Amino acid sequence: MAGKPKLHYTKGRGKMESIRWLLAAAGVEFEEEFIETKEDLEKLRNDGVLLFQQVPMVEIDGMRMVQTRAILSYIAAKYNLYGKDLKERAWIDMYVEGTTDLMGMIMYHPFQPADTKEKNLALIIERATTRYFPVYEKALKDHGQDYLVGNKLSWADVHLLEAILMVEECKADVLSAFPLLQAFKGRISNIPTIKKFLQPGSQRKPPTDEKFVAVVRKIFNI
Amino acid sequence: MSGKPRLHYYNGRGRMETIRWLLAAAGVEFEESYLEKKEDLTKLQKDGSLLFQQVPMVEIDGMKLVQTRAIANYIATKYNLYGKDLKERALIDMYVEGMFDLNELLMKHGYLPANEKEQHFANMMDKTENRYFPVFEKVLKDHGKDFLVGNQLSRADIQLLEIILMAEEWKPDVLAKFPLLQSFKARISNIPTIKKFLQPGSQRKPLVREEEVPKVIKIFY
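Read top to bottom, the protein sequences are chains A and B.
Going by UniProt numbering, the letters in the first sequence line up with residues 1 to 222, in that order.
Going by UniProt numbering, the letters in the second sequence line up with residues 1 to 221, in that order.
Please keep in mind that the hints were generated in silico from the structure rather than gathered at the bench.
Be aware that one or more of the hints could be misleading.
[Stated by the list, open to error] Now the stretches of chain A that chain B is said to cover, found in silico as 3 or more residues with beta-carbon under 8 Å:
1. 47-53
2. 60-73
3. 79-91
4. 97-104
5. 127-141
[Unchecked claim] Only pairs whose alpha carbons sit at most 30 Å apart, straight line, appear in this in silico DSS-like list of lysine-lysine:
6. K64(B) with K152(A)
7. K185(A) with K141(A)
8. K108(B) with K117(A)
9. K196(A) with K185(A)
10. K4(A) with K138(B)
11. K43(A) with K127(B)
12. K215(B) with K117(B)
13. K141(B) with K6(A)
14. K177(B) with K205(B)
15. K43(B) with K119(A)
16. K87(B) with K84(A)
17. K38(A) with K108(B)
18. K117(B) with K38(A)
19. K87(A) with K78(B)
20. K6(A) with K87(B)
21. K138(A) with K46(B)
22. K87(B) with K205(A)
23. K185(A) with K84(A)
24. K138(A) with K78(B)
25. K138(B) with K6(A)
26. K218(A) with K117(B)
27. K119(A) with K218(A)
28. K4(A) with K84(B)
29. K87(A) with K141(A)
30. K117(A) with K218(B)
31. K4(B) with K196(B)
32. K185(B) with K196(B)
33. K84(B) with K87(A)
34. K119(A) with K218(B)
35. K4(A) with K87(B)
36. K84(B) with K6(A)
37. K215(B) with K119(A)
38. K78(B) with K78(A)
39. K152(A) with K185(A)
40. K205(B) with K87(A)
Note that this is a predicted model, so its numbers are computed, not measured.
By construction, the Cβ of each residue, glycine as well, lies at the ideal position given by its N, Cα and C atoms.
Please build the complete structure, drawing on both the sequences and the hints.
Shown next, in the form of structure tokens:
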């Protein structure tokens, strides 16, 4: 029985959010089982369903997949979001690793000690505007096409939109110097599956607030 | 133009070592340009050679590839070390991502200040012996075959051997409870390209020495 993929994670974004985005963009319906307490995580561990005792874990196609990148690569390849050949895959991989690094900084931000938070936020904005966004702006400028790689929607485009929206939550006008990224954002947001995911009531998760930080700390003992 | 891949990094393991292993195992000769001081890194950044201003960077097939995983994925696919279909790739990816996580822990240790080392050592060996090695021992036990995935050599096997040897540098008897990993280690070490890479004089890099750490930190910070 194929069934829908089932995601095991907390109710927050964390490392699962990119997976939710990619499934949604591919038009794949999925179910979620939320870890709300430390005991929920312990149960999964004791059941032996987490290869390295960690989440994310996604039940998909008869597998219990773990490791964020493994899951994302599988979904991308399965739903034709991974380019048409080895070279396109290389570009997609490079771009996605960049947006992963950027989103990783944002993901950890709520967990930073209070006295370094402001400096950390400044670093996120600096990296976004001087290291990452210029790369994607240039990629779009150089080929003049609608998508980052191969003139076709790929994982790289979905991931970049996710990253753009996350950075905008930190600084609303962060795209002011990047006209092509602004147009890209408008364009990709309008893709029907993605537009649907961006609407209230979808499985997209909200940013992590202080209250949720406390919940996460308890679950993972961090 | 030689046509051989050219690696840009410092003369140490860091994040480039896994790439050296994969190329060596695939029997691909490669050249290296070493960063020795900050100016070397700045020059590459100013030349526009580094997509995100970072190394590793590998010049290969007309591209300047960056990002460790993107580079490793490319090499593994090109040299048929990535399984035969999507499901094998999924397994390889899961195993290899676990290995990258452990690699981070092991690699970091040499660069930590003295007062952080003891606790880090305990954590890294705990993860090695209780989280990661049991998984790979079980994989080998469950299918009884020589290689981790698909009954043929893949990047998962190469990366596992790399990790085993790194862990043994810190704790020589770390494989004591893992008989199948012991025979795996011997078997994979004997593959001709890998055997060659394990010999003195190869491009395999040694464990970072304490005296070198400040020099490496100066390049990047």
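Can the restraint linking K4(A) and K87(B) be considered satisfied, given a maximum Cα separation of 30 Å?
-> Holds, at roughly 17 Å.
Sort out whether K196(B) lies within 30 Å of K185(B), counting only the CA atoms.
-> 15 Å, holds
K64(B) and K152(A): Cα distance at most 30 Å?
-> Roughly 22 Å between the alpha carbons, so the hint for K64(B) and K152(A) holds.
For the stretch 47-53 of chain A, do at least 3 residues have a Cβ located nearer than 8 Å to some Cβ of chain B?
-> holds (count 3)
Straight-line Cα separation of K6(A) and K87(B) no greater than 30 Å?
-> This hinted pair holds, its Cα atoms lying about 18 Å apart.
Is the hinted pair K138(A) and K78(B) satisfied, with a Cα-Cα distance of at most 30 Å?
-> 27 Å, holds
Within a Cα-Cα threshold of 30 Å, do K119(A) and K218(A) meet the stated pairing?
-> With Cα atoms ~26 Å apart, K119(A) and K218(A) stay inside 30 Å; holds.
Does the structure keep K117(A) and K218(B) at a Cα separation of 30 Å or less?
-> Answer holds: K117(A) to K218(B) is near 25 Å, not above 30 Å.
Coverage criterion applied to the stretch 79-91 of chain A (partner chain B; beta-carbon cut 8 Å; 3 residues) | holds (count 4)
Satisfaction of hint between K84(A) and K185(A), Cα-Cα up to 30 Å = Judged against 30 Å, a Cα distance of about 23 Å means the pair holds.
Satisfaction of hint between K78(B) and K87(A), Cα-Cα up to 30 Å | 10 Å, holds
30 Å limit on alpha-carbon distance, applied to hinted pair K4(B) and K196(B) | Holds. K4(B) to K196(B) sits at ~18 Å (cutoff 30 Å).
Hint compliance for this structure: no hint is broken.
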